[in-house]
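Trainee: The chain contents come next:
Protein chains: 2
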Amino acid sequence: MSTEKDQRPVILTGDRTTGPLHLGHYAGSLKNRVALQHSHRQYLLLADTQALTDNAGDPAKVRRNVLEVALDYLAVGIDPAQTTICLQSGLPALAELTLLYLNFVTVARLERNPTIKEEIQARGFGRDIPAGFLCYPAAQAADITGFRASVVPIGEDQAPLIEQTNEIVRRINRQIGRDVLPEARALIPSVGRLPGVDGKAKMSKSQGNAIPLSASPDEIRDAVHRMYTDPNHLRAFDPGTVEGNVVFTYLDAFDGDQAMVRELKAHYRRGGLGDAVVKRRLEDILQTLLAPIRERRAALARDPGYVLGVVRAGTRSAQNRTQATLDELRSGLGLIALDDIDGGVRKLA
Amino acid sequence: MSTEKDQRPVILTGDRTTGPLHLGHYAGSLKNRVALQHSHRQYLLLADTQALTDNAGDPAKVRRNVLEVALDYLAVGIDPAQTTICLQSGLPALAELTLLYLNFVTVARLERNPTIKEEIQARGFGRDIPAGFLCYPAAQAADITGFRASVVPIGEDQAPLIEQTNEIVRRINRQIGRDVLPEARALIPSVGRLPGVDGKAKMSKSQGNAIPLSASPDEIRDAVHRMYTDPNHLRAFDPGTVEGNVVFTYLDAFDGDQAMVRELKAHYRRGGLGDAVVKRRLEDILQTLLAPIRERRAALARDPGYVLGVVRAGTRSAQNRTQATLDELRSGLGLIALDDIDGGVRKLA
Numbered sequence: 001m002s003t004e005k006d007q008r009p010v011i012l013t014g015d016r017t018t019g020p021l022h023l024g025h026y027a028g029s030l031k032n033r034v035a036l037q038h039s040h041r042q043y044l045l046l047a048d049t050q051a052l053t054d055n056a057g058d059p060a061k062v063r064r065n066v067l068e069v070a071l072d073y074l075a076v077g078i079d080p081a082q083t084t085i086c087l088q089s090g091l092p093a094l095a096e097l098t099l100l101y102l103n104f105v106t107v108a109r110l111e112r113n114p115t116i117k118e119e120i121q122a123r124g125f126g127r128d129i130p131a132g133f134l135c136y137p138a139a140q141a142a143d144i145t146g147f148r149a150s151v152v153p154i155g156e157d158q159a160p161l162i163e164q165t166n167e168i169v170r171r172i173n174r175q176i177g178r179d180v181l182p183e184a185r186a187l188i189p190s191v192g193r194l195p196g197v198d199g200k201a202k203m204s205k206s207q208g209n210a211i212p213l214s215a216s217p218d219e220i221r222d223a224v225h226r227m228y229t230d231p232n233h234l235r236a237f238d239p240g241t242v243e244g245n246v247v248f249t250y251l252d253a254f255d256g257d258q259a260m261v262r263e264l265k266a267h268y269r270r271g272g273l274g275d276a277v278v279k280r281r282l283e284d285i286l287q288t289l290l291a292p293i294r295e296r297r298a299a300l301a302r303d304p305g306y307v308l309g310v311v312r313a314g315t316r317s318a319q320n321r322t323q324a325t326l327d328e329l330r331s332g333l334g335l336i337a338l339d340d341i342d343g344g345v346r347k348l349a
Numbered sequence: 350m351s352t353e354k355d356q357r358p359v360i361l362t363g364d365r366t367t368g369p370l371h372l373g374h375y376a377g378s379l380k381n382r383v384a385l386q387h388s389h390r391q392y393l394l395l396a397d398t399q400a401l402t403d404n405a406g407d408p409a410k411v412r413r414n415v416l417e418v419a420l421d422y423l424a425v426g427i428d429p430a431q432t433t434i435c436l437q438s439g440l441p442a443l444a445e446l447t448l449l450y451l452n453f454v455t456v457a458r459l460e461r462n463p464t465i466k467e468e469i470q471a472r473g474f475g476r477d478i479p480a481g482f483l484c485y486p487a488a489q490a491a492d493i494t495g496f497r498a499s500v501v502p503i504g505e506d507q508a509p510l511i512e513q514t515n516e517i518v519r520r521i522n523r524q525i526g527r528d529v530l531p532e533a534r535a536l537i538p539s540v541g542r543l544p545g546v547d548g549k550a551k552m553s554k555s556q557g558n559a560i561p562l563s564a565s566p567d568e569i570r571d572a573v574h575r576m577y578t579d580p581n582h583l584r585a586f587d588p589g590t591v592e593g594n595v596v597f598t599y600l601d602a603f604d605g606d607q608a609m610v611r612e613l614k615a616h617y618r619r620g621g622l623g624d625a626v627v628k629r630r631l632e633d634i635l636q637t638l639l640a641p642i643r644e645r646r647a648a649l650a651r652d653p654g655y656v657l658g659v660v661r662a663g664t665r666s667a668q669n670r671t672q673a674t675l676d677e678l679r680s681g682l683g684l685i686a687l688d689d690i691d692g693g694v695r696k697l698a
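Chains A and B, in that order, are what the protein sequence lines are.
So in the working numbering, spot 244 of the first sequence is number 244, and the numbers just go up one at a time.
Position in the second sequence (first residue = 1) + 349 = the working numbering.
Bear in mind the hints are in silico, worked out from the structure with no lab data behind them.
Please note that a few of the clues may not be correct.
Said to hold, decoys possible - Far from chain B by the CB rule (all over 12 Å, computed), these chain A residues:
hint, residue
1, S39
2, D58
3, A60
4, L102
5, Q158
6, R178
7, P189
8, R193
9, A215
10, P292
11, G334
Stated by the list, open to error - Quick list of the computed label-pair ranges, beta carbon to beta carbon:
hint, chain 1, residue 1, chain 2, residue 2, range
12, A, D128, B, E677, 20 to 30 Å
13, A, R174, B, D652, 29 to 39 Å
14, A, P9, B, E568, 23 to 33 Å
15, B, G658, A, S39, 45 to 55 Å
16, B, A648, A, E163, 48 to 58 Å
17, B, G504, A, G124, 37 to 47 Å
18, B, E516, A, G124, 21 to 31 Å
19, A, R174, B, G473, 50 to 60 Å
20, B, D652, A, D128, 31 to 41 Å
21, A, D179, B, D652, 31 to 41 Å
22, B, G504, A, P9, 45 to 55 Å
Each residue gets a CB set at the ideal place from its N, CA and C atoms; glycine is no exception.
Please construct the entire structure, taking both the sequences and the accompanying hints into account.
Mentor: If you want it as structure tokens, here you go:
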């Protein structure tokens, strides 16, 4: 797909390989990616190196989930002919770019990064934060710029990481004296983050409140059945609350008939609409959405050779692209490259 | 030189490529390396990546001095058939190992490192320390372990860096469950650090108190002439002080006849020995020491193709060695390697 003439804007996105993806990923990013892959040159990073920054004690989990996430990508309709799926740890140029960028950013600046601050708090690292975790904004800048991405789809809370990337980009471009690296623009999805089935803000496998993309019909039914609604809506004829009611939040996200969703909300608010009725509607929608994904996923899982072949080919292509960026940066900064030694003694001496 | 049967202990050492080397380097490390290369499997790293951690604003200096330092190595008698001279930035596996190790060390631990603490103070970084500089103990651990070095010649003040390396080694070996990486042992030279010609503790090009290895006969004469002695020793027949007297410190380091040096010291202490006499002796010794080095260096400088060929061949060999270490670590930790994808779908799936 990648040709010199490809004028489409470049997107870099991806997922940490710490677990199979779920409905929250589908609503928040996967669905968009399937749409964007036609209008954009899209790179999807299986971020195993980044996953290690807070999973150093369990690398096997990180490894195992490379295949799981790749299966999820292909199952939802990511097309390897349109999108390059690649493995972060197979791209040494990204590690080299990360180390280079760490020289252009201060420790104080990394510590001020709000995303890092929050994550440190959320994970309870305190002073014992792994150095790799503190450095992760530089690694992310390496990912984005390594692919020369100009568009980066992210959650609203990740905007500071794009700002950090662009600071490094401007610093490098200023030093080289021309715009070698493009600045990146955040693409923040219109759909907010999908809550867990228990009503908690974030759907997460570790919280047990997620619906995986591979969920069986029974699992989907159970998840919708135990979904958090309005705890005070005890009898169907009582008025109920729609805000914070997960069933309605999911209908907002997945129901193709939003006029009907508005009607249902009004009915629920004035009373006379039971939870069972709206849950049945949501369950039907989710069964219809997930059935083909589950089936494709199961078929692909029987042929891991094909899936890994896709990752292998994508990684090879990404190696070329990221190495080209590293070479251009080194040359622009006046650093030595092994090629200088190989081919151009005069350049160096 | 490297064969599977090579049982010699492995040494990793090298220099930041920020300037040509000087007499202080010769006394403190180069002389030892020339001797050690026969009994040890020695890797000499042209540390351009590390030099960038506090020279990001002037990469051209770092680049230019790759050749200068390589010239110094060959001029003093480093034998490419015995020692592998290699370029740090040509070894992506070291960057990947560095990022991996950053996950196994906390920010607090890096900040506690006494060497880092002192250097931060000496360079006046304060809170604005470049992140790459803070991370440099992890990069050094990558260098040492990437080559599987068991012996690392260092200055006394660098011992904490070896301790930091061994902490990472033990952490990784414990997690893998066997001793994949060897612990490193510091080799601290018997000769202390050579002072500058002005009597300051450290000889340094930027302080203008160094005698470069390429110094001309006139430069050597001038340097000895203005050398710091005993400021109170105004007349030859007065008693003089030997301690802190740079001329005697240099005679300690370079005079082949140490019995004579002891006699001269006694004479100087009781009075009757003028500075001019000891300076003449030192100058003769330095001229004799540096003349062949200067000549070899000049001859090599006329053939940069040969010098860079040595670096290229050494770097290729070092690429294999460091990549093998990275592969073994990844496999031991249960991480995915691109080879797994290439060859062993079953390993992964």
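Trainee: Against this structure, judge whether each hint is valid.
Mentor: Structure-based check of each hint:
1. A cut-off of 12 Å between C-beta atoms confirms that S39(A) is not in contact with chain B; the least separation is 29 Å.
2. Its beta-carbon lying about 9 Å from the closest one in chain B, D58(A) breaks the requirement of being farther than 12 Å from that chain.
3. Listed as outside the interface, A60(A) is inconsistent with that label: its C-beta sits roughly 4 Å from the nearest C-beta of chain B, within the 12 Å cut-off.
4. With a least beta-carbon separation of about 4 Å from chain B, L102(A) fails to lie farther than 12 Å from that chain, contradicting its non-interface assignment.
5. Look at Q158(A): its CB is around 19 Å from the nearest CB on chain B, clear of 12 Å, so calling it non-interface holds up.
6. Under the 12 Å C-beta cut-off, the non-interface status given to R178(A) relative to chain B holds; the minimum distance is some 15 Å.
7. For P189(A), the condition that its CB be more than 12 Å from all CB atoms of chain B holds, with the nearest at approximately 29 Å.
8. Residue placement check: R193(A) keeps its beta carbon more than 12 Å from all beta carbons of chain B (closest about 27 Å).
9. The claim that A215(A) is not at the interface with chain B holds, since no C-beta of that chain comes within 12 Å of its own (minimum 21 Å).
10. The claim that P292(A) is not at the interface with chain B holds, since no C-beta of that chain comes within 12 Å of its own (minimum 23 Å).
11. Its closest Cβ contact with chain B, about 4 Å, brings G334(A) to no more than 12 Å, contrary to its assignment away from the interface.
12. Range check, D128(A) to E677(B): Cβ separation about 28 Å, and the 20 to 30 Å hint holds.
13. Restraint check, R174(A) to D652(B): a C-beta distance of roughly 38 Å satisfies the suggested window 29 to 39 Å.
14. Between P9(A) and E568(B) the CB atoms are about 58 Å apart, so this pair departs from the stated range of 23 to 33 Å.
15. Distance hint check for G658(B) and S39(A): the Cβ-Cβ separation is about 49 Å, which falls inside the suggested range of 45 to 55 Å.
16. Judged by the Cβ atoms, the range 48 to 58 Å given for A648(B) and E163(A) holds: they are separated by roughly 53 Å.
17. For the pair G504(B) and G124(A), the supplied restraint of 37 to 47 Å holds, since their beta-carbon distance comes to about 39 Å.
18. About 22 Å separates the C-beta atoms of E516(B) and G124(A), a value consistent with the hinted range of 21 to 31 Å.
19. Separated by about 23 Å at the C-beta atoms, R174(A) and G473(B) break the suggested range of 50 to 60 Å.
20. Separated by about 53 Å at the C-beta atoms, D652(B) and D128(A) break the suggested range of 31 to 41 Å.
21. Distance hint check for D179(A) and D652(B): the Cβ-Cβ separation is about 39 Å, which falls inside the suggested range of 31 to 41 Å.
22. A hinted range of 45 to 55 Å for the beta carbons of G504(B) and P9(A) is consistent with their spacing of about 51 Å.
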